[in-house]
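S.K.: Okay, here's what each chain looks like letter by letter:
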Amino acid sequence: MTVTVREVAPPPPKVPSPPAEGRGPGGPPPAPRVARRVGVWLLVGAVTIFFLALTSALLARQAGLDWGRIPPPRVLWFSTAAIVASSALLEAARTALRRDRCAGFRRRLEGSALLGAGFLAAQITAWRALAHQGVYLVTNPHASYFYLLTGAHAAHLLGGLIWFGRLVRTTRRGAVDPERIADFAVYWHFLAGLWVYLVAVLFL
Amino acid sequence: MAAAPELHVHEAHRESFWARYVFSQDHKVIGIQYLLTSFVMLLIGGALAMAMRVNLAWPQSGVLQADQYLAAVSMHGTLMVFFVLTPALLGGFANFLVPLKIGARDMAFPFINMLSYWVFLLSALVLLASFFVPGGPLNAGWTAYPPLSALPQAAPGSGLGQSLWLVSIAIFCVSSLLGSLNYITTILVMRTPGMTLGRMPLTVWGIFLAAILALLTFPVLMAAGILLLFDRHAGTSFFVPTGLVVGGEVIRHTGGNPLLWQHLFWFFGHPEVYIVILPPMGIVSDVIANFARKPIFGYPAMVGSMVAITVLSFLVWGHHMFVSGMHPLLGTGFAITTLLIGTPSAVKTFNWLVTLWRGKLYFSTAMLFALGFISTFVAGGLTGIFLGNAAVDIPLHDTFFVVGHFHLVMGVAALFGIFAGTYFWFPKMFGRMMDERLGRVHFWLSILGVYGTFFPMYYLGLAGMHRRIFNYQAFPYLAQLQPVQVFITLSAFLIFLGGLVFAYNLFTSLANGPRADRNPWRGTTLEWFAESPPPHGNWPGEAPRVYRGPYEYSVPGAQEDYLPQWLSPVEAGVEVQH
Amino acid sequence: MAHGKPAPSSEGTRNPLERTAGSGLSLGLLFWLFMLAAVAATLYARRAWWLPPLAVREGASIDRLIEITLGVTGAAFLLVHLLLGFFVIRYRTRGQPRAHYFPHNTPLEVLYTAVPAAVLVSLSVAGMVTWSRLHAPPPPDAFLVEIRGQQFTWSARYPGPDGKLGRVDPRIPQPFNVDPQDPASKDDVTSSEIYLVVNRPAHILLRTRDVQHSFWVPAFRLKKDLLPGRTTELWLTPTRTGTFDIACAELCGVGHYTMHGQVRVVTQEEFDRWLGQQAQRR
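Residue numbers (the working numbering), protein chains in the order written: chain A, 237 to 440; chain B, 499 to 1076; chain C, -19 to 262.
Because the hints were derived from the structure by calculation, they are not lab data.
Predicted model only: the values in this text are computed from it and were never measured.
Positions of the beta carbon are idealized from the N, C-alpha and C atoms, including for glycine.
Any given hint could turn out to be false.
Reference listing, derived: stretches of chain B covered by chain A, where coverage requires no fewer than 3 residues with Cβ under 8 Å from a Cβ of chain A [stated by the list, open to error]:
hint : segment
1    : 614 to 620
2    : 667 to 679
3    : 719 to 730
A short list of chain B residues far from chain C (calculated; beta carbon distances all over 10 Å) [claimed, not checked]:
hint : residue
4    : L646
5    : I945
6    : T1006
Taking CB as the label site, the calculated pair distances span [unchecked claim]:
hint : chain 1 : residue 1 : chain 2 : residue 2 : range
7    : A       : G300      : B       : F515      : 38 to 44 Å
8    : B       : L828      : C       : G75       : 57 to 63 Å
9    : C       : D252      : B       : F629      : 41 to 47 Å
10   : C       : T219      : B       : F812      : 37 to 43 Å
11   : B       : A1001     : C       : S102      : 45 to 51 Å
12   : B       : A1001     : C       : T211      : 21 to 27 Å
13   : A       : G401      : B       : F1005     : 29 to 35 Å
14   : B       : G745      : A       : R305      : 42 to 48 Å
Please work from the sequences and hints to get the whole structure.
M.R.: What follows is the structure, given as structure tokens:
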């Protein structure tokens, strides 16, 4: 079947196609690095739309008479500081990595993760403080949106924290990939920016 | 990069049955899983439809009680939109075709791809579970407007069944997100050399744009669903206003706004219908070009019109709410945008017609359904012009006129696109040919059945028959329309029969259809360069590279009447410039 | 050539593509049959299954728009199916060597982008005029009535001699959130009978206290949803006396199909007499 052979082997292309290894012998090759970055940005887009939907519902309701303002729990200052500091520390870690300062990188990376966990702890404290004051989910619309938005944000942050944990673990084993950390940073900084936006919408 | 001989690949590849066929990460297996699951859902949704049709033709038949009828209506709509059309397209065809058609070996994220199918299946099972709970499935329609959907006192199905629906939809949104991430990323970054965006087949464009729409609108549905779940179970009042008395009970919710649900739902809901029409438009383009042996006329305009539809679809949702009591100025705005969005569809229709002009037409079953798509898309789409013009919508809203409209564009045209794609790509998926004679029988039963079923609904709507009505004989001026309902139901049996023929054809062809060669339809796009079915990694050795556009049929001077995308100019013997 | 021979498993010597060649005659005739059937069915429907005779002045412009839209969409439907049928018969494969290679033609594409756009814009402008008129404020001396929908009946509240309806507050649960302390509600008359006065504009307020409904009288053409927590409204001028059916046009529960009501359009004298009788019965 000489015809078939000629069909199957076109002249060698100028750009080499990816090697036919990867996921197991004979399996398809892994996607290009940029794919993960694109994927994270798309995820950020979808989560943005989700929170835009919720906050636009909030803004529509705010015009109503029964809105009922609740005071921002004081611990929210701490959680805001924690999440912003966590982002800053992550960037510092990446800078250290670029300059080959391995110890500094690891310290900052783990510090950033700890601050992220601290943020979650602060959120739980905030909810309990409000409940202690008698402000529950159904107390008034402002409270409903507060619990809902902070809860949804915390859920997304928990997912991010799990991702962070796995990154820290692979870093401890010595396998450090700046690209993967950069992918994660997109999501982590997004969560910080989202938090600032939510605080603004809820309390400004 | 030496080509790995196939034998070596198979030897080294020891996957268990579970890894290979069940929890596969191969886009082709996942695509087939989606497609076959959606066909099963089509059977269930179709059975519900037949029960509804028997009730509407013969209300005394007692085939359904009033709450069961509403449950059937609601589940039929939910199943067809979420569990048939969407997964068959953004799931079935998207998974199977995209890597093949762009020259990639698999999707960008195969593990997430596998996850998306199983999450989808979970959402389907949660939904089907609502058939078995007290109160039964939701009664509030697939649109689930509160307070009817928010208060268990308002209807039997507004109990656990409604909550299960909401949970199912939320899970579905997650599955959809995982899928969209894959399609968009894969199309953006994994095209083989030479496959520019301007050389992508229109099927890929349709899937690409639909995936973008899905990424940006399913989160809104998710948000709405969560708010409604909270109203139902946590005592919040996002949608439920003050002062209600339902079923004799005073309702304690205060301050919510039912219109908020409509805005959120339709902001998702309108793009959703474009999510299910854009891929079929692409499929139909591929099929028509192939069986007319002609390039699709106006490829840039075909892409541009799909982009225009995608953008405009975010701006038209209020046309579902013209009589809702929203501000009249909003109605004016939405009417303008809605009528505008008719223009790109008109452009596409004319482009398909000009493609047929002076073609060399072959009437395969795929081509029959593609031509049927044009006919029914027009028959359904034109009445969108009535409904999109706000003032004209007033008498027609919530009547059978609307039911006829959306069934012809979604339930028929989009479904015909799916059938066309199935007959077209079955050889590639399974390495066998479907029976063309049975396919013709399926087509003829379907095309006659759908016109007989859905066209008369326009007249019912004009005559004043409203929708979601268990027994219209309570209305004297509607009782005389029963003969029309009978005609519709009899026509619907034709559709059902056609479906049985299709199912039979599917099974027998899978079992012992004649073997298919690599390119039975003499097509130009990259999937026809792979084996039928393609192996893991799609092409052993080098992936094909692309030298021309996707529809170079009947190129003057070429030796064959088609120039595949993968054929180098040297081999082709002719260069195409345009 | 690299694609030459068909795979050994194919039947005969023709490849699968060539085996799908057909006459196209039945398909072409089918598309032309659709044209005929659509025309015939629509002509019959206009006498048998069409909008009921109009009973409201403001509905006339809607009916005109429907006629115009029918003409435009009907023409488009016929044109597309005429071409489909013709192309399918004329251009079936019958031994011609090649199709005509014709990938684009800008003037043609511009033409059939501009023409549909122009038609659609014109239709929407005409529609906007009617829409604005329908949503203009009602005349000040309009007949005021509040129509109430609930699972699964219709009822009405009339303002009585003072011409004012009693204040409504959603925090007052029964009945229908009307404030009994408001002096304006003292002479309000509630009834399961719904009256309008012929040739007099009616300003209709719509309220519900359970789920969404929609007030629709097909003979009036006009329709408006009832939203719990809000008052929606519409206004219209009945042009003849009679009894007209109300249908609920928004799914409202299991009894939605039973939510049939009636509007009686009567002369002013008849209405005043009826209202007087209602007041006496209180």
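S.K.: State for each hint whether it applies.
M.R.: Okay, the hints, checked on the actual structure:
1. Counting residues of the segment 614 to 620 of chain B whose CB lies closer than 8 Å to any CB of chain A gives 0, so the stated coverage by that chain is violated, three being the minimum.
2. Judged by the Cβ-Cβ criterion of 8 Å, the segment 667 to 679 of chain B is covered by chain A as claimed, because 3 of its residues qualify and three suffice.
3. Coverage of the segment 719 to 730 of chain B by chain A holds in this model, with 6 residues showing a Cβ closer than 8 Å to a Cβ of that chain against a need of three.
4. With a minimum CB-CB distance of about 4 Å to chain C, B:L646 fails to clear the 10 Å threshold, and the non-interface call is violated.
5. With a closest Cβ-Cβ approach of about 7 Å to chain C, B:I945 is found to fall inside the 10 Å limit, against its non-interface label.
6. Every beta carbon of chain C lies more than 10 Å from that of B:T1006, the smallest distance being close to 16 Å; the non-interface claim holds.
7. A:G300 and B:F515 have their C-beta atoms about 58 Å apart, which leaves the hinted 38 to 44 Å range violated.
8. Between B:L828 and C:G75 the beta carbon distance is about 59 Å. The supplied range of 57 to 63 Å therefore holds.
9. As the Cβ distance of C:D252 to B:F629 is approximately 56 Å, the hint placing it in 41 to 47 Å is violated.
10. A hinted range of 37 to 43 Å for the beta carbons of C:T219 and B:F812 is consistent with their spacing of about 41 Å.
11. The hint said 45 to 51 Å for the Cβ distance between B:A1001 and C:S102, and at roughly 47 Å that hint holds.
12. The supplied range of 21 to 27 Å is broken by B:A1001 and C:T211, whose beta-carbon atoms lie about 52 Å from each other.
13. A hinted range of 29 to 35 Å is violated for the C-beta pair A:G401 and B:F1005, which are about 48 Å apart.
14. The beta-carbon spacing between B:G745 and A:R305, approximately 34 Å, falls outside the hinted interval of 42 to 48 Å.
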